[in-house]
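Asks: Start from the sequences and build out the full structure, keeping to the hints where you can.
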Amino acid sequence: MPLPMNQLQDIFKGHRDPGRTAEQFYGEQFRWFPRSWTSGLHHDMHRLEALPLRPIRSLGYGSQGSIDEVELSHTRERYARKKWFAGTNSEKIKEQFFEEVKIIKKLAGHPHVLGLLASYTRDREFGLLLPLADCDLWQILTMDPSERKEFISDENLLRSQGCLISGLMFMHERGIKHKDVKPQNILLRQGYLQYTDFGLSRDISELSQSATDSADRGTFKYMAPEVTVYQSRGRAADVFSLGCVLLEIQSVLFGFSVDDTHSFSALGPFHQNLSRIWSWIDYTSDLPIPNLTILDSDSKDALRAMLSQNPDDRPTLDFVFVKTIVRGPGLFCVKCIHQALVQRGLHGMSPRSWVALF
Numbered sequence: 058m059p060l061p062m063n064q065l066q067d068i069f070k071g072h073r074d075p076g077r078t079a080e081q082f083y084g085e086q087f088r089w090f091p092r093s094w095t096s097g098l099h100h101d102m103h104r105l106e107a108l109p110l111r112p113i114r115s116l117g118y119g120s121q122g123s124i125d126e127v128e129l130s131h132t133r134e135r136y137a138r139k140k141w142f143a144g145t146n147s148e149k150i151k152e153q154f155f156e157e158v159k160i161i162k163k164l165a166g167h168p169h170v171l172g173l174l175a176s177y178t179r180d181r182e183f184g185l186l187l188p189l190a191d192c193d194l195w196q197i198l199t200m201d202p203s204e205r206k207e208f209i210s211d212e213n214l215l216r217s218q219g220c221l222i223s224g225l226m227f228m229h230e231r232g233i234k235h236k237d238v239k240p241q242n243i244l245l246r247q248g249y250l251q252y253t254d255f256g257l258s259r260d261i262s263e264l265s266q267s268a269t270d271s272a273d274r275g276t277f278k279y280m281a282p283e284v285t286v287y288q289s290r291g292r293a294a295d296v297f298s299l300g301c302v303l304l305e306i307q308s309v310l311f312g313f314s315v316d317d318t319h320s321f322s323a324l325g326p327f328h329q330n331l332s333r334i335w336s337w338i339d340y341t342s343d344l345p346i347p348n349l350t351i352l353d354s355d356s357k358d359a360l361r362a363m364l365s366q367n368p369d370d371r372p373t374l375d376f377v378f379v380k381t382i383v384r385g386p387g388l389f390c391v392k393c394i395h396q397a398l399v400q401r402g403l404h405g406m407s408p409r410s411w412v413a414l415f
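Just so you know, our numbering puts 223 at position 166 of the sequence shown, and the rest follows in order with no gaps.
None of these hints come from the bench; they were simulated from the model. Note that this is a predicted model, so its numbers are computed, not measured. One or more hints might be untrue.
Unchecked claim - Dumping the calculated DSS-like pairs for lysine-lysine here, alpha-carbon to alpha-carbon at most 25 Å:
1. 392 / 206
2. 159 / 149
3. 151 / 162
4. 357 / 162
5. 159 / 357
6. 278 / 392
7. 149 / 162
8. 163 / 151
9. 357 / 163
10. 357 / 392
Unchecked claim - Taking CB as the label site, the calculated pair distances span:
11. 85 / 132: 12 to 22 Å
12. 314 / 145: 42 to 52 Å
13. 149 / 230: 22 to 32 Å
14. 144 / 355: 18 to 28 Å
15. 70 / 166: 39 to 49 Å
16. 95 / 73: 13 to 23 Å
17. 366 / 142: 23 to 33 Å
18. 135 / 314: 29 to 39 Å
19. 113 / 85: 22 to 32 Å
20. 155 / 212: 38 to 48 Å
21. 230 / 74: 50 to 60 Å
22. 59 / 133: 14 to 24 Å
In this text, a Cβ means the ideal position worked out from N, Cα and C, and glycines have one as well.
Replies: Here's what the structure looks like:
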């Protein structure tokens with residue numbers, strides 16, 4: 058147990074309605090022999106099989122599909138579920154669904170990428186079961202300081218910038234373009250920021266270059282200039298979007314609320330206001346972040362370069378990682394530093410000796 062459908066059809070072939078009886082038994086047996094919902098498996102479910110996921114509340118919408126909080130019936134543990142239904146375009150939805158599953162599994166194990174607990178298909182329904190997060194980065198940035206510090210300290214929020222660089226660098230090294238980097242697609246879970254929502258992402262690991270064409274463009278506010286005019290986009294488009302997110306974090310740490318006219322967020326859509334962004338960076342370059350270490354000029358120059366108009370002028374995330382870690386190793390958590398350095402055989406070496414090896 059559980060028995061496959063073809064075996065059940067043989068068992069019940071002498072019944073008055075063997076097909077229906079086999080279908081009913083097939084679905085009911087999973088009440089007594091539950092599927093594994095936390096081991097990364099995919100479940101191809103029968104349309105009559107009951108989902109053991111009780112909806113609790115809506116959590117919003119992703120690039121594709123809705124997201125809700127659910128409770129697993131036999132354990133009472135709670136998770137996030139992303140689901141969508143296929144209509145006349147079922148083959149396209151199915152292809153996108155399994156592409157997202159493949160990408161998440163390819164990125165498994167990085168501390169700043171949200172993992173996949175399980176996936177399922179059930180008739181025209183497609184679903185991903187994911188760990189439940191505390192909130193997303195945009196919610197953090199919109200909180201007043203006292204409320205924000207109940208979720209994450211300013212010190213850890215400053216440090217998270219390096220973690221986000223590390224996470225996106227890992228994706229690019231694995232041949233994945235995220236294509237929709239923004240605070241709403243970055244979750245806070247167990248004290249760590251993690252990238253999520255790979256519905257628009259693209260695996261380019263087997264292509265000769267990273268620049269590709271696509272009608273799926275992401276979120277207008279954070280789009281790189283070339284994406285807004287439907288030019289080919291490479292990894293550099295992700296770099297631009299991440300630069301915007303990092304400056305939004307710094308803006309909040311400087312003491313600007315996101316709705317303040319002097320905040321970095323007020324300059325969005327960012328690709329339309331690059332000259333004002335340079336002025337904002339110059340204006341804030343000498344401002345201290347209260348009670349925290351100030352980013353040095355090299356790190357700020359790297360941030361400026363990330364928001365270059367021309368994608369060819371933007372640095373790779375390897376370069377940004379080195380510029381940031383050499384000058385400010387405190388801007389990374391232990392987990393992502395360890396992973397990045399072990400992957401390159403650099404663990405145990407002094408920070409300044411890493412530069413020539415990246």
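Asks: Each of the hints needs a verdict: does it hold here or not?
Replies: Cross-check of the supplied hints:
A distance of roughly 22 Å separates the Cα atoms of residue 392 and residue 206; the hinted pair therefore holds under the 25 Å criterion. Restraint check for residue 159 and residue 149: satisfied, since their Cα atoms lie roughly 15 Å apart, inside the 25 Å limit. About 17 Å separates the Cα atoms of residue 151 and residue 162, which keeps this hinted pair within 25 Å; it holds. Distance restraint check for residue 357 and residue 162: the Cα-Cα separation of roughly 33 Å exceeds the 25 Å cut-off, and the hinted pair is therefore not satisfied.
With a C-alpha separation of about 35 Å, the suggested pair residue 159 and residue 357 falls outside the 25 Å cut-off, and the hint is violated. Our distance criterion of 25 Å between C-alpha atoms is broken by residue 278 and residue 392, whose separation comes to about 31 Å. Distance hint between residue 149 and residue 162 is fulfilled; the C-alpha atoms sit about 20 Å from each other, no more than 25 Å. Distance hint between residue 163 and residue 151 is fulfilled; the C-alpha atoms sit about 18 Å from each other, no more than 25 Å.
Pair hint residue 357 plus residue 163 does not hold up; C-alpha atoms about 32 Å apart against a cutoff of 25 Å. Between the alpha carbons of residue 357 and residue 392 the distance comes to roughly 24 Å, so the proposed pair stays at or under 25 Å and holds. In this structure the supplied range 12 to 22 Å holds for residue 85 paired with residue 132, their Cβ-Cβ distance being about 19 Å. The hinted range of 42 to 52 Å is satisfied by residue 314 and residue 145, whose Cβ atoms lie roughly 45 Å apart.
The hinted range of 22 to 32 Å is satisfied by residue 149 and residue 230, whose Cβ atoms lie roughly 29 Å apart. Distance hint check: the CB atoms of residue 144 and residue 355 are about 52 Å apart, inconsistent with the given range 18 to 28 Å. At roughly 46 Å, the beta-carbon separation of residue 70 and residue 166 lies within the given 39 to 49 Å, and the hint holds. Between residue 95 and residue 73 the beta carbons are some 40 Å apart, a value that contradicts the proposed interval 13 to 23 Å.
Checked against the hint of 23 to 33 Å, the pair residue 366 and residue 142 fails, with Cβ atoms roughly 41 Å apart. Separation of residue 135 from residue 314 is about 31 Å and conforms to the stated range, judged on CB atoms against 29 to 39 Å. For residue 113 and residue 85, the Cβ-Cβ distance of about 24 Å falls inside the hinted range of 22 to 32 Å, so the restraint holds. A hinted range of 38 to 48 Å for the beta carbons of residue 155 and residue 212 is consistent with their spacing of about 40 Å.
Taking 50 to 60 Å as the suggested C-beta distance range, the pair residue 230 and residue 74 conforms, at roughly 55 Å. For residue 59 and residue 133, the hinted distance range of 14 to 24 Å is satisfied, since their beta carbons lie about 22 Å from each other.
Checked against the numbered hints above, the structure breaks hints 4, 5, 6, 9, 14, 16, 17 and satisfies the rest.
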